[in-house]
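J.: Got chain X; can you put chain F on it based on the hints?
Chains X and F are the protein sequences, given in the same order. The numbering of the first sequence is this note's numbering, which starts it at 5 and goes up by one. The numbering of the second sequence is this note's numbering, which starts it at 5 and goes up by one.
Just so you know, the hints here were simulated from the structure itself, not pulled from any lab data. Note that the coordinates shown come from a computational prediction; the quantities given were computed from them, not determined experimentally. Just so you know, not all the hints are guaranteed correct.
If several chains are the same, the list does not tell them apart, and a pair holds so long as it fits within one copy or across any two.
Claimed, not checked - Subject to a maximum C-alpha distance of 20 angstroms in a straight line, what follows is the list of computed EDC-like cross-link-like pairs (lysine to aspartate or glutamate):
#1 678 <-> 472
#2 678 <-> 249
#3 20 <-> 320
#4 678 <-> 639
#5 678 <-> 635
#6 678 <-> 469
#7 678 <-> 470
#8 163 <-> 322
#9 124 <-> 320
#10 678 <-> 739
#11 678 <-> 427
#12 678 <-> 474
#13 329 <-> 294
#14 678 <-> 642
#15 81 <-> 11
#16 842 <-> 117
#17 842 <-> 67
#18 842 <-> 198
#19 145 <-> 156
2 protein chains.
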Amino acid sequence: MPKYVYDFTEGNKDLKDLLGGKGANLAEMTNLGLPVPPGFTITAEACRHYLRHGGTPDGLEGEIGEHLAVLEARMGKRLGQADDPLLVSVRSGAKFSMPGMMETVLDIGLNDDSVLGLAKQSGNDRFAWDSYRRLIQMFGKTVLGIDGELFEDAMDELKGERDDTDLDAADLQRVVETFKGIVRERAGRDFPADPREQMDLAVRAVFDSWNAPRAILYRRQERIPADLGTAVNVVAMVFGNMGPDSGTGVAFTRDPGSGRQGVYGDYLRNAQGEDVVAGIRNTVPLQELETINPGAYRELLGIMATLERHYRDLCDIEFTIERGKLWMLQTRVGKRTAAAAFCMATQLVDEGLIDMDEAVTRVTGDQLAQLMFPRFAATAGNRRLTTGMNASPGAAAGRAVFSSERAVELAARGEAVILVRRETNPDDLAGMIAAHGVLTSRGGKTSHAAVVARGMGKTCVCGAEELEVDPHARRFTAPGGVVVDEGDVISIDGGTGAVYLGEVPVTASPVAKYFEGEPAEDELVRAVDRIMRHADSARRLAVRANADTPEDADRARRYGAEGIGLCRTEHMFLGERRRLVEDLILATTPEARQAALDALEPLQTGDFTGIFTAMRGLPVTIRLIDPPLHEFLPDLTDLAVKVALAGDRAGDRPGVRTEDGADDRDRRLLDAVKRLHEQNPMLGLRGVRLGLTIPGLFAMQVRAIAAAARRVEGARAEIMMPLVGAVQELEIVRDEAERILAEAGVAAAIGTMIEVPRAALTAGQIAEAAEFFSFGTNDLTQMTWGFSRDDVESAFFGAYLDLGVFGVSPFESIDREGVGRLMRTAVEEGRRTRPGLKLGICGEHGGDPDSVHFCHEIGLDYVSCSPFRIPVARLEAGRAALACARSGTGC
Amino acid sequence: MPKYVYDFTEGNKDLKDLLGGKGANLAEMTNLGLPVPPGFTITAEACRHYLRHGGTPDGLEGEIGEHLAVLEARMGKRLGQADDPLLVSVRSGAKFSMPGMMETVLDIGLNDDSVLGLAKQSGNDRFAWDSYRRLIQMFGKTVLGIDGELFEDAMDELKGERDDTDLDAADLQRVVETFKGIVRERAGRDFPADPREQMDLAVRAVFDSWNAPRAILYRRQERIPADLGTAVNVVAMVFGNMGPDSGTGVAFTRDPGSGRQGVYGDYLRNAQGEDVVAGIRNTVPLQELETINPGAYRELLGIMATLERHYRDLCDIEFTIERGKLWMLQTRVGKRTAAAAFCMATQLVDEGLIDMDEAVTRVTGDQLAQLMFPRFAATAGNRRLTTGMNASPGAAAGRAVFSSERAVELAARGEAVILVRRETNPDDLAGMIAAHGVLTSRGGKTSHAAVVARGMGKTCVCGAEELEVDPHARRFTAPGGVVVDEGDVISIDGGTGAVYLGEVPVTASPVAKYFEGEPAEDELVRAVDRIMRHADSARRLAVRANADTPEDADRARRYGAEGIGLCRTEHMFLGERRRLVEDLILATTPEARQAALDALEPLQTGDFTGIFTAMRGLPVTIRLIDPPLHEFLPDLTDLAVKVALAGDRAGDRPGVRTEDGADDRDRRLLDAVKRLHEQNPMLGLRGVRLGLTIPGLFAMQVRAIAAAARRVEGARAEIMMPLVGAVQELEIVRDEAERILAEAGVAAAIGTMIEVPRAALTAGQIAEAAEFFSFGTNDLTQMTWGFSRDDVESAFFGAYLDLGVFGVSPFESIDREGVGRLMRTAVEEGRRTRPGLKLGICGEHGGDPDSVHFCHEIGLDYVSCSPFRIPVARLEAGRAALACARSGTGC
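For reference, chain X alone in the conformation it holds in the complex (with noise of 0.2 angstroms):
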């Protein structure tokens, strides 16, 4: 039979799984000999077993008498006896921490004898009623399920117009009877006077609280495991309460904010913690404890250095001071800013606590990127128009644009400018690039706007849906009538949503310019730089990034990318182009398409030229292109109803050219787009269908590579093709590229897209035609989970995250279960096959912490990102392999 209880000088602070974290860390504080309030803890095992069965185990109640037993003999009382009763409190105490989730009850121990009991060893009568009428409240709300509200109605009832402070021992003892009344009217039964009873069902309702619903859907969003369950810690109470030499506090081992040494902390006398948290009185800074207590002060000091040595990190701690007495309730690692993070870590290395492989462990990629981003100095003196959704953050303040030509226009005078939209489109692209910020009023954080600004590092508010854009008379009007018309300077903030009126002072981030160059300055960057540094030494991931202009390849490679993963070559058909994408369309004879497809090829060329040239003999993967031709035409609705419109007004004039400008090309492209069509269009022609289906296309794009490939010394092409679902598929445009290939005296390596599941699951088979793959887990997903990202965040992601469906949008963060089990399957099958074959992943998951671990954990070769990300990427590889080294596993 397992061993269900431990007392705390039984555990320690690796036995989280079994004795939850503050069950683990109270025993390890009790072994270091800190003062501690004996207790025990009831197993999460126990726990387990209970929602299991619907029972708790046998022999849990004996061993818990014994555990009783002895706390009982080392506290010199027993539980509830009448003259000088111990009091216990029963707190749950999951492996992860679930903040509010779960049950606690104080005082058990008080009936209408020990009551007294403890008014005479207090001397105190009115704290030991006040502590009855707690227990009798807590235990009705929790483990016997009535409303608390009854409680707190009666009690404002009894007081009147008084204060909680006013009633006095007898009040309370008035206030004891009607809670009474109120637990045998609504439960049924009486407040039971046998302590050991109290404790019994107090532990069971902990129990119990780990499936209450709203701990549920905590679990649900944090993705907790569900089967973990809680362990109960029975622990004898201390009171902070017995007056003006009692009380109770919080403090941190250093500065939470940078991570300097110092004391840092508040006190609050003759209190509970529970008041601490109310806010009913204010604290004093934790110093003044030395003016209160310098003994307490000093032990209080000497045990959070020793905490900070043995947990080799910050520290955040509970305590409560009994009549003088210090007594440690909780401690645990503590919270603490991204810049914090990255101080404390190395001044740990240098005070000899821990190793830069643990340094780099202690620092996150997503505080990395919130390092990154410039922010607002003060907002105190401008006007709040709106809160939209935070898109991509960072600060940024401009004037207001409403069309990317003006966006263009605009910044070319060396003006900074906010491109604002009410939805944004491909075309907008230039504006984007020339923007310092863009706001939209429509679409979520996977909406177009959101994703290309967070590709670019853009500071990005989207979804502002109280600001009525009219891109025609050029303004917008926000909430309580404000208009804002272009020219107007506005400033949003992508960390929180907020648009402002007028300029806000921006500060650039000290760490950005590191990566872009500047030396390595003030305190938090050399910590940057230090750990950087390791972390690249450490990591097996390579690190590359997607970027489709010699620009964006530049910054990659000054942010330290290796390569590009993804070279899109769709926007490179965007603008003026588009009329030539047009032509092909248009073409109705394999003539016209050839002359289409020639007119195209040179700039394709100079294109990609300039691209190796920029990335100087790393190697670049280009995608073929990939989206449906129909993209590039106009819109079908609009067009419709402007051919329309126009047919009508001509009335009986045919042919003669409308006001609206409708002419006889809008009405062959009406034709084009009607005929291209598609209901589903990501799921239509696109990708490797269009390479085979539209002769010359592939090909065009093969030769264009080749004749840069060509130009340029020491260029690494690589050559790759989108939406692969077939070995057959490849294998037929493969053939088609290396023929041109071999024709130009090229060698370049050909490759496939891992985006449609059918590919994963036939990985085996296409890695016989494929040097490499590359996931792209963006359309991986839509497929896998069956969802459009256009179509699904907007209509219902906000319901899925509320009621915990998934914890974190599957695109932000790779969906392990579902699209990871299919990478996985690629990664083992297409290496059986082809053991030399190279994995990378391209998707915008390359730049997502979480998501580099799991591509470490499965053993692809690089991560693909933006260049803004590429440092989180680095970072995160670093840790994954760190990780992965510590926990023996070999991933």
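T.: Here is chain F on its own, set in the frame of chain X:
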């Protein structure tokens, strides 16, 4: 070292893997003591070695030499011996027949010396020189890769105005010299005079032909593995063209059209097999051989009887008579018509050659389906207007109508109608039900019209692109300017795609009548009856129907359905109820939404009551509403144009209702359509996602199911959630459904579709919350391949089939490697979680023979298909069980 060469005396018919089909059957006949020209087979394993390593395996040359020596000894002459040469043919012969795909070289052994010997021995100079000419021509083309037209052109030039037969020996001798010159010039070498060199080179050429482009393409299309290789047969030549006592023929051991015993075949005197194929001269019925050569005739009949007894099946054979002596050149199990297959299978049982198990495996579901459709008796009297795609088989004649309303109206008067549309949509359902057949000018075999018609077992020709359909004018125009107005009679043939003017008489199928309950009277129907009974007793899979109406449910029962596997509820919201769905969508308050749901609920209750009543105690799986709600709204573009035109015309008269009828509701609808518009509706807000985001929708349906189940004695409801991708989704809607069922006191199983790849990948988790899985292989195929069925078929499926990317559309037969792998995973992991999990399929694949076999193999409990396909599914389920039992794999 493996044995690479088998004498015909060493092989047998079961060695097709090694010896190919032809070689194995030649060996079998040799061992039966039949007169087969001696020879030997070089194994497919030698070919595989050659293809893998680019050369023949060590020792092959010697092994061929030994077998050639045996052959020479047996024939009493040597290969190419000058005075009396042994000639051989070198013929390909793969495991699976690839007619015309690979190479053969005849007359090997001839050179400038042996041609004289052949002339002397045959007493026929012309024959000898013609044979030599053929050898050089065939060898030059096949082995040396010379363009065959060069030989044909040279021959034509020498012939001038004369026929082949006008050329004499001297002419042919000149042809030989010319051909040798072509070889020298084009191949850069002399035609090899050494007979053994001829033979070795021919063998290599056959090996190489395995990877000829046409063979690769054929294999892709027929899904023949690319690495099988071909065997090569070296056979002593016999000549049917040595004079009037020689000849060649083909025969069947019984009538391939009816299965009746008798003599069926053709004979051609003084000719080679190639001449029969080329159709140069007319053959005579085989019976005439009795007069020409009674001895050979009797011998042949005896051999045919032997072969049929031996193969226990219809055989087709090729034979040659050389100077009165009969030689057997080939045999194989012969092809037959659908009717013959059924009759013959039961005949062979009655003759004691096979048992009923075997008889069931001798027929196919496709053959049964063919027998169930009505056909046109004769079409000669009718003008063929055009030919479209044969989308759903059968034959139908009736008045052309151009709208669903008109179809219903005329059908109600008892008129037969053909619904003619550009394309159909769900609103045409009533018209399709009312019509005898459906004709569309757009869309492919997976268009709405095709899919729905196949589902109904209704004749459909779709994509008849030559027709210009004008629904407003109620007419269509066919090529040649033929105009068909509403009310004119047309006839459509779903088997050929032909469209005729006027009424073509239709013959009903006796097999279909049998399934409708008529007694089995003729031989064919009795055979079908016996085979169906045996298949039913053998099968392990249950067969259910996809049926949404009481009428479909009734037919399904008649056809043998054991339940409903898919009752879609969205069809119940069409027609006049569409307005209620619009109300639901336009609702802006919870009260308005609930009012719309309250109006739908009694109608739904009525729907389910009808279906439960029709199924009288058999299980009915009801899928809650699946499609996106905007599918119930008008088309965005049409509505936008209507509202724009209305607004334009109303000019400055706002609020005026225009002649186009655009009113306020239209404008509100347009707003709703725009709001709900999705880029990729298939991957948008539908299925369980609706249930989770539209309060009360699923609850309304579950309440209706519960109410109906209470009304109908013995109703067995199973509630199925659509589009589940994560167990969390299912848990939430399941909780709600269970609560409603419990309140109503109704028991119903709750399960889920597995139609999203992630559902299959996480089936182990999903099974925790599902009592059954039903594979929705339509959507699963779409998402696994990344194909939108509405878009891809017309756009590129034709090209994909031509290119051999797949041999059959994955929407017709389950793609075993991709989609099938997911299904297998889901079955294994679902059952591991819940051993009693019920597993079925309700995609269209449930009625596809190959897919039924797959479903049996992976261990499903049932297949569900359209009522009309139920007999096919029953038969194939029986065949699958028998095939698995026979294979001994225990699948």
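J.: Does each hint fit the structure? Answer for all of them.
T.: Here is how each hint holds up against the structure:
| no. | hint | verdict |
| --- | --- | --- |
| 1 | 678 <-> 472 | between (31 angstroms within a copy, 17 angstroms between copies) |
| 2 | 678 <-> 249 | neither (83 angstroms within a copy, 69 angstroms between copies) |
| 3 | 20 <-> 320 | within (17 angstroms within a copy, 77 angstroms between copies) |
| 4 | 678 <-> 639 | both (10 angstroms within a copy, 13 angstroms between copies) |
| 5 | 678 <-> 635 | both (12 angstroms within a copy, 19 angstroms between copies) |
| 6 | 678 <-> 469 | between (32 angstroms within a copy, 16 angstroms between copies) |
| 7 | 678 <-> 470 | between (35 angstroms within a copy, 18 angstroms between copies) |
| 8 | 163 <-> 322 | neither (32 angstroms within a copy, 111 angstroms between copies) |
| 9 | 124 <-> 320 | neither (35 angstroms within a copy, 112 angstroms between copies) |
| 10 | 678 <-> 739 | neither (33 angstroms within a copy, 45 angstroms between copies) |
| 11 | 678 <-> 427 | between (24 angstroms within a copy, 14 angstroms between copies) |
| 12 | 678 <-> 474 | between (28 angstroms within a copy, 17 angstroms between copies) |
| 13 | 329 <-> 294 | within (14 angstroms within a copy, 124 angstroms between copies) |
| 14 | 678 <-> 642 | both (12 angstroms within a copy, 12 angstroms between copies) |
| 15 | 81 <-> 11 | within (17 angstroms within a copy, 101 angstroms between copies) |
| 16 | 842 <-> 117 | neither (76 angstroms within a copy, 61 angstroms between copies) |
| 17 | 842 <-> 67 | neither (57 angstroms within a copy, 44 angstroms between copies) |
| 18 | 842 <-> 198 | neither (69 angstroms within a copy, 51 angstroms between copies) |
| 19 | 145 <-> 156 | within (11 angstroms within a copy, 101 angstroms between copies) |
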